Structures are given as C-alpha cells and as structure tokens.
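Trainee: Listed below are the residues making up each chain.
Protein chains: 2
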Amino acid sequence: MVKLIIDCFGGDHSPMANIDGALSALASNHDISLILTGDAKIISDYLSGKEYDHSRLEIVDAPEVIGCDEKPTNAIRLKKDSSMIRAIRMLRDDDSIAGMVSTGSTGALVAASLTRIGRVPGVIRPAFCPILPTMTGGLVGVCDSGANMVVTADHLRQFAIMASLYMENVCGVQKPRVALLNVGKEAGKGDDVRQMAYKLLSETPEINFVGNMESRDLLSGDYNVVVADGFSGNVLLKTTEGTAVELMKKVKETIFSRTIYKIGALFMKKMFLDLRQLMNYHNHGGSVLLGTSKVVVKGHGSSNAVAVEKCIDQAYRMHVSSLSAKMEEIILKYEHYDA
Amino acid sequence: MVKLIIDCFGGDHSPMANIDGALSALASNHDISLILTGDAKIISDYLSGKEYDHSRLEIVDAPEVIGCDEKPTNAIRLKKDSSMIRAIRMLRDDDSIAGMVSTGSTGALVAASLTRIGRVPGVIRPAFCPILPTMTGGLVGVCDSGANMVVTADHLRQFAIMASLYMENVCGVQKPRVALLNVGKEAGKGDDVRQMAYKLLSETPEINFVGNMESRDLLSGDYNVVVADGFSGNVLLKTTEGTAVELMKKVKETIFSRTIYKIGALFMKKMFLDLRQLMNYHNHGGSVLLGTSKVVVKGHGSSNAVAVEKCIDQAYRMHVSSLSAKMEEIILKYEHYDA
Chain A
0 MVKLIIDCFG
10 GDHSPMANID
20 GALSALASNH
30 DISLILTGDA
40 KIISDYLSGK
50 EYDHSRLEIV
60 DAPEVIGCDE
70 KPTNAIRLKK
80 DSSMIRAIRM
90 LRDDDSIAGM
100 VSTGSTGALV
110 AASLTRIGRV
120 PGVIRPAFCP
130 ILPTMTGGLV
140 GVCDSGANMV
150 VTADHLRQFA
160 IMASLYMENV
170 CGVQKPRVAL
180 LNVGKEAGKG
190 DDVRQMAYKL
200 LSETPEINFV
210 GNMESRDLLS
220 GDYNVVVADG
230 FSGNVLLKTT
240 EGTAVELMKK
250 VKETIFSRTI
260 YKIGALFMKK
270 MFLDLRQLMN
280 YHNHGGSVLL
290 GTSKVVVKGH
300 GSSNAVAVEK
310 CIDQAYRMHV
320 SSLSAKMEEI
330 ILKYEHYDA
Chain B
0 MVKLIIDCFG
10 GDHSPMANID
20 GALSALASNH
30 DISLILTGDA
40 KIISDYLSGK
50 EYDHSRLEIV
60 DAPEVIGCDE
70 KPTNAIRLKK
80 DSSMIRAIRM
90 LRDDDSIAGM
100 VSTGSTGALV
110 AASLTRIGRV
120 PGVIRPAFCP
130 ILPTMTGGLV
140 GVCDSGANMV
150 VTADHLRQFA
160 IMASLYMENV
170 CGVQKPRVAL
180 LNVGKEAGKG
190 DDVRQMAYKL
200 LSETPEINFV
210 GNMESRDLLS
220 GDYNVVVADG
230 FSGNVLLKTT
240 EGTAVELMKK
250 VKETIFSRTI
260 YKIGALFMKK
270 MFLDLRQLMN
280 YHNHGGSVLL
290 GTSKVVVKGH
300 GSSNAVAVEK
310 CIDQAYRMHV
320 SSLSAKMEEI
330 ILKYEHYDA
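Line order of the protein sequences matches chains A and B. Numbering-wise (numbering that gives the first Met the number 0), the first sequence opens with residue 0 and increments by one. Numbering-wise (numbering that gives the first Met the number 0), the second sequence opens with residue 0 and increments by one.
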C-alpha cells in the first residue's frame, strides 16, 4: 500500500477538484491510501454522502491556506498550519508516507520541499521538472525550471540524469533524448558553465545526450529532456506557454471580429478543440520535484479533478518505480568536479 | 550626407535582396551614400542596366563569404577578405562612415563588431537588441539577447538606458515601458544579479522602469523594452519565435489534413495572412547593436529587398538621432557599482 498526502487547498478549483480527484484515484487504484490536508470541516462536509473506501482515506485538519501571491519564504515561516506546510511536515516526519500532491503556490511548495525534505544521496540540488506536449504528440521535460537560479555544470549533469530516469521510468519514453538548452546548436556555445556541462553530459553514457538545443526547437518533438538552469528553464517554459496563449487569444479575437471568420470557424471547430487539447497541460499530470527523498508532485493551479487524479497516479508511479534508488545508483558514480 | 556600408553577402536572398534594398534606399533618401561590399564582379553585373545615382554608390571588392554555420571566431580570424569583415574594418578605420547593415551570420557580426569597433564612452558592454511586434500592434525590444552570456546588474542598467533611448529616438515609442526579465513579477525575485538590477533600475529616473516581467507576457503589449542577460534574452526571443512558428505550422498541417478544414480556411484566408503579417519580422527592420561607437544593424537572414531597405533606413535614423551622444550623457552620470 502506497500512502500519499493530498494538499486540498490552494488551486483555482480547490478543494472540490482535489477531493474529487482523490476519490477517483482511490477508486481506480487499490494500492493507494490517501491523507487529505486542509480545513477538516469543509473537507468532511464535501465528502459526506459520497461513496469511497473509508479505510484508505484520512483527513488531517490544517485550516490555513497559502495564497499564490504570498511571498514563499513568509508563507513557509508563518503558515505552519496551512494545508501545504502541514503536508510537507508530515512527509518529512512520517516514514510511512511516500509522497504528496499539491496544486498550491509553486514557489512555496518548491522552497518548503527543498528546505524541509531530504535529498536522494548524492544529489546536490533537487530540480523542478514540468512536462510539455510537443507538436508531434510526444513529451518534453524541462529540468530545472525554477528551483535553482544559479547552477554549475555538475548540477546540470545531475538534472539530466534525474530527468532522463523520470521520463523513462514514469512517462514511458524509451531512451529519452536529452539536450542542453543553449544559444546555438554547436558545441562550444554559451558561457563556461554550458561549455563544461556539454563536456560532462557527453561523458555520461547512462543518458542519451544528443547535444545543444536552441530554445526555438522545444516543441519540435526532437527532444524529451531539456537541461537548463532554473532561470532560463523558467523563461523557456513560460515563453512557450505565453506565446501559445497569446496567439490563440489573438486568433479567437480575430474570429469574433468578422462574420465571415465566424462562418469559417464553424468548419474548423474540431481543429481548434484538438489544438487546445494538444496544448492542454491537464493531460500530462503535474510538474515534479526531482532529487528529493520523497515524491513531490505539483499540479497546475487550474487543475480539475481529472488533472489531480493524474498527479496522484504520477506520484504513485514515481514511488513504485524506485526512481530515487535508480538516481542514487547513477549519480554516486560520478565525482563532483566542482563540489 | 550619411555614409553607410552594406554587406551584400551572407543572407538567404543575398546579394540580390541586399543590392535591390540598397538601390531603393538610395532612391528614397537623398541624404545617404552607400558602399557595397562583396564580390565586385557579381555586384557590378547585377547593377548593370539598373538606374541609380552613381555618385552615391561605391563597390568594394571582398569576395569571401562567411557562412551561417561557420564558427564566428574562426570566420573573423580567417576570412579577412569577406564582405562582412571588410565592412567592419572600413567602419573602424574610416571616420566618414557612420554605420553598416548586414544580413550575414549574427554570431560573426556581433563578435567582430565587439572586438573591432569602439564603444560609446562609459558603455561597459554593447548589447544586441532585436525588436518584436506585440499582439496589440506595438513593439518590444529585447536587450541583451545574445552578445553577453554573463552580466552584472550594472550591465543590465546600461542595457536598459541604451534600449530605452533607442526605442524612443529611433522606433518612435513615447516613454518606453522598461521591464526586467525575471521568474516572477514581485520585487526580490531571481538571483542576486536580478535583485540588484531591480534596485538600480528603480533608481534611474531617465528610464520608465515598470518592474519585473515574466516571460509569458513578452507579447502582451505592456512592455517596450525587456532587459536581460544575453543567454536568457536569447532563450526568450527564440522561444517566442519558435512557438509561433511551430503552432502556425501545426495549424497549416491540420488544415490540409481534412477537406472541411480546407473549406473553413477559405473563409479565414485573410485572417491567416493578417496574422502572418503581424508576426512578420521584415516589417520592423533589423536587430541593432547598442553601445558601439558606430551603428551596426543586423537584418534577418531571410531578409528580402524591402527588409534590407528598412535596415538601411534604421541605420540612418540611428545616426542622425545622435543616439550615441544621448547614451553617453546618461550613462556617464552613473558610477559603476561593480566596475
């Protein structure tokens, strides 16, 4: 039995989406038991009358909520009784709990996880790894994309190893194609860190390193893992998301501006829906923190119940695939050239 | 009379687009004279029979061409007789020449300009500043986006001053809204460099600093200048370009996959053309190097004659607006806290 905690507050559709997602996960996977954190009264009221296996669901009262606009460091320090921080503390203190899922503030979740939860032996810095759907229907993970603003080449190699194992063992990608985010494809591009990282990645046979990637090629489908410092990885990810959103918004606005476009759009309705589905983050579970000793999955703030259920399934698979042990085995092989 | 050099080789449509663009510029602006560098025989043959003011056009033979795949440092060192390097050397040595336009290798152009051409007094590092059209029809410049991989907060302040003056004096943007590229909007986000830069930018009344920008908002129209290190600025720019291209490619593919979509697309043909026009880099001239003592404009590799003419006009306006003198005046006011 795998025990997971679900932080029930903080997302746009919480707590309903989180609770409904938890119930669906309980129903479809009999190997899990769940702890829901949050305002116990609200959660109980919502659960009353619903059918589920009571023996595998527990509620822990933690009535405070961390808002998405709160400064993470303040929130962690001041809101010890929030659904998120309570979950992280239980994860730290209780060996029987394997992982957690949250749809709350990314900043607070990453900061609290990094400071409260231990690391996999050998891992210098855990990293944040969201996944995007590519234009060819595949998946690409960007690691790191926000946990570490400044990195060394050695950190980047660890990110590559962790993300590659994750894509292979949890996302079902065979021999993930790993690339280094850089300003040009040729070896020798970028700053000293990038140049050294290129060398280290080339000397790591456990990963399928295919060279530098220019950011314009993220969605091309040619790559499954992109290794980056947290700053530029974050820029890469949010620019991709932002450009797609702005462009589709513009298309929508334009369609509604003229009758002839509206007529045309009727013929193409399914195309636009399919396109939105392709770009739909909900379909691909959450972003994960790689390198922490326990599983932490961050669902998108706009997650619905289906998305939360996928995040729970993802956390389960991360645990049962022994990802941590596999990371440890490879990472400990390499001396840190700069650690 | 403003004398400019046009590097006629290196772009996808060179030398025809470059020569035709030069002739159009000569015809529309009687205050310029041009020097064309490249294979003199090819240029002369192409010019023969065309009508233009011979007294304002000169050809300088430089038969070598730098390819876009060549390593910039090698190209600069080995191809002294290339159309680009010859142009840069003339720009350096001849005080009567105000600037140059090239559609060749960006890497070689930036590297050669930085090492061969002097800087505006006070400027620590010149920076590369391309311009993008936003979804609201405005313009946004990203500075730096490739010339400096590693920067200090003081560099970032200079980039902000230079790009703001450029947008105001050359691109006609009133009180350009200047933002710092960061991983969140709140002050205090990002690494030490970003935090210090935020402080310095807030203390620079000559610019209209509006705070941090998240990369997803680049095309929103809320910003006119985005200040970044060359690495993440490059990621920002290429991701925006790449996502738009991939998305439009996907739309096109999908349309051609089903008859009903093709019918719908007939109704929306103008919309797709308008959208492509909106995203068309050719309409906005080239990317400029800011902070060098002479004007350097880099046209897109795919520039046609109209785009080249716009680049020449841009170089002309950069020179006659006394951009360098204005930069010098503001930049020299500030002590370098870390220089």
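No lab work stands behind these hints: they were computed from the structure. Don't take every hint at face value.
Claimed, not checked - List time: in silico DSSO-like cross-link candidates among lysine-lysine, alpha-carbon distance up to 30 Å:
#, chain 1, residue 1, chain 2, residue 2
1, B, Lys268, A, Lys70
2, B, Lys251, A, Lys268
3, B, Lys188, A, Lys70
4, A, Lys78, B, Lys188
5, A, Lys261, A, Lys248
6, B, Lys261, A, Lys269
Computed from a predicted model, the values in this text were never measured in an experiment.
Trainee: For each hint, tell me whether it holds in the structure or not.
Mentor: We went through each hint and held it up to the structure:
1. Lys268(B) / Lys70(A): Measuring from Cα to Cα gives roughly 47 Å; hence the hint is violated.
2. Lys251(B) / Lys268(A): 15 Å, holds
3. Lys188(B) / Lys70(A): 10 Å, holds
4. Lys78(A) / Lys188(B): Cα-Cα ~21 Å, so holds.
5. Lys261(A) / Lys248(A): Within the cut-off at roughly 15 Å; holds.
6. Lys261(B) / Lys269(A): 13 Å, holds
Of the hints listed earlier, the one the structure fails to meet is number 1.
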